[in-house]
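Engineer: Under the numbering used here, think of the first position of the sequence shown as 1, with each following residue one higher.
Since the hints were made in silico from the structure, they are not lab data. Treat the hints with care, as some may be off.
Said to hold, decoys possible - Pairs of lysine-lysine residues, derived as DSS-like cross-links and limited to a Cα-Cα distance of at most 30 Å, are as follows:
id, residue 1, residue 2
1, Lys36, Lys269
2, Lys269, Lys25
3, Lys226, Lys44
4, Lys36, Lys225
5, Lys184, Lys364
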Amino acid sequence: MADEQATSAAEQYVNSLRALCERSKTCYLHCGEHYKALARFLEKQSPLNTQIGYRIVFHHVIIHTHYVNGDTPRFDRFDGTQDPDTSMSHVPATEANMAQFVFLRGFVGAKWLATLGTHYRIDPEFLRRHLDFLQPTSFNDLPPLPTTWRTAGRLRLTTVCVRETPLTSSEVQARRLDELQRTKRFQQQLGSTGTYGATIIRTYSVLSELHVALGQDISFHVKKKKSGGWTVIVWSDCGRPLHQLQGAPWCTKGPTNLDCRPIIQHVNKLALNTVEAIIATADPIDDRHSFGFQNASHLPNVYGSSLDARIMKLDALYGLSELFALSAASENQFVNTMQQLISETAQLSFDQEQRAQESLRYFKTVLDARILRIREMLAFLQLRGGPNWPQATDPADQAVVEAQMMDLCGNLEHLLERASGLTASCLEGITTIVNISALNESKTARQQAQNLNRLSILAFFFLPLSFTTSAFGMNVRELGVEDGAHLRTMIGVTIIFLVVSIGLCFWHTLSLCVIRTKRTFTN
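Please take these sequences and the hints and turn them into a complete structure.
Structural biologist: Here it is as structure tokens:
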């Protein structure tokens, strides 16, 4: 009976969304046309792909339940083979003095989303924003204004990967031209035939012959209950290992393995601790394909290990600070990688100017996109959530929260300054290359002009000589000279023609000499 009620409630959730979609812009100020793609997706209710290659258990829904009174936290973990209605019926509802963290990893099917949306009364706008790649056309409403919806936000996670087989320079240029189309095709395929827990890729950037950058999102939504408890929904794009993706944008003819660089976060005295505090058992991973796994996917299993367990139950923004720290660490590694690549590009030889100029333009475009996301995260932190967010009330706890927020804002401001400096370096490098190219072209033109001038001078000497030798070589009898005088006549005529030619050739110089001589005598 409970399952039937849950099912009917999930259907009611989808039906409410469908009713919103029927609100046309011709009749309503707040229409629902931008929810049609999400409604079609939730109505499918089709089972996700569970074929061979995905049989290793992967928990794509992990729920942490923390009790303010100090009771032992509860952890619930579910994979895509489990029925969502039955699974969620065993999860306690959010009550007073309770904080729940609901983590979604990778791609989540329609039935699970509808069930979770019903259980936690999730605003469909949160689902629409995270699944924005399902919309066939963009309404250009994202990213939104900072204060339009303070209970939800989005973070960028960037993973730097190294290709198993390097590309050639021509292949790099070709991949950069169609990387956007490749990513869109992958997202469309994921939306129609996706596997539960499959990793979602937002951006795919070919940085060099070896380096690739994958852009992903972490979305969160805070819901405060009137009873006093609160829930935060965290949906991360990081899911299953990359080698399990079908039609990944970096694959052309057959699979291409990417070695994901781990996101490094400093932990005090980590080397002295032999055992890491694990909140929940990690998912089993095939060691043969460990190179394609993103360590950020482990975050839900160890979430809160670096935070004060008591304060994170009271303050939602403090409870989310680990997400911001992970995002900042990933962006820092990306900025460091870009700095290295820009330095290497600036050192290319002059015969590779065109390649260097194209790479710097590409780097600037990629960095500009990252700067926008960093500013978006910084603006959210500066608002400190909102008045409806669960907040710590004790002054000592508030001081801890404020110190954490100041650290995060300082790190993001540092990243923003560095990324802006790198874009300036790209512009400076492009300008330098253009100036060097113009200077080289000027030198080449000057050299060609000098060569032409030398050729003209030689012509003034050899044309008269060629004319006289040709004329006197015809042995014309009408010249009326003896054989001995024939050579003297030719030499005399040649000298006359040479004098006239030299005068014409250096007419400007001779004129200046005459003018200077006149001025000298006059003075």
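Engineer: Determine for every hint whether it applies to the structure shown.
Structural biologist: Verification of the hints:
Our distance criterion of 30 Å between C-alpha atoms is broken by Lys36 and Lys269, whose separation comes to about 51 Å. A C-alpha spacing of about 58 Å is found between Lys269 and Lys25, which places the hinted pair above 30 Å, so the restraint is violated. Taken as a hint, the Lys226 and Lys44 pair is broken in the structure, with Cα atoms around 33 Å apart against an allowance of 30 Å. Among the hinted pairs, Lys36 with Lys225 is consistent with the structure: their alpha-carbon atoms are about 29 Å apart, no more than 30 Å.
Taking the CA atoms of Lys184 and Lys364, the gap is near 22 Å; set against the 30 Å cutoff, the hint holds.
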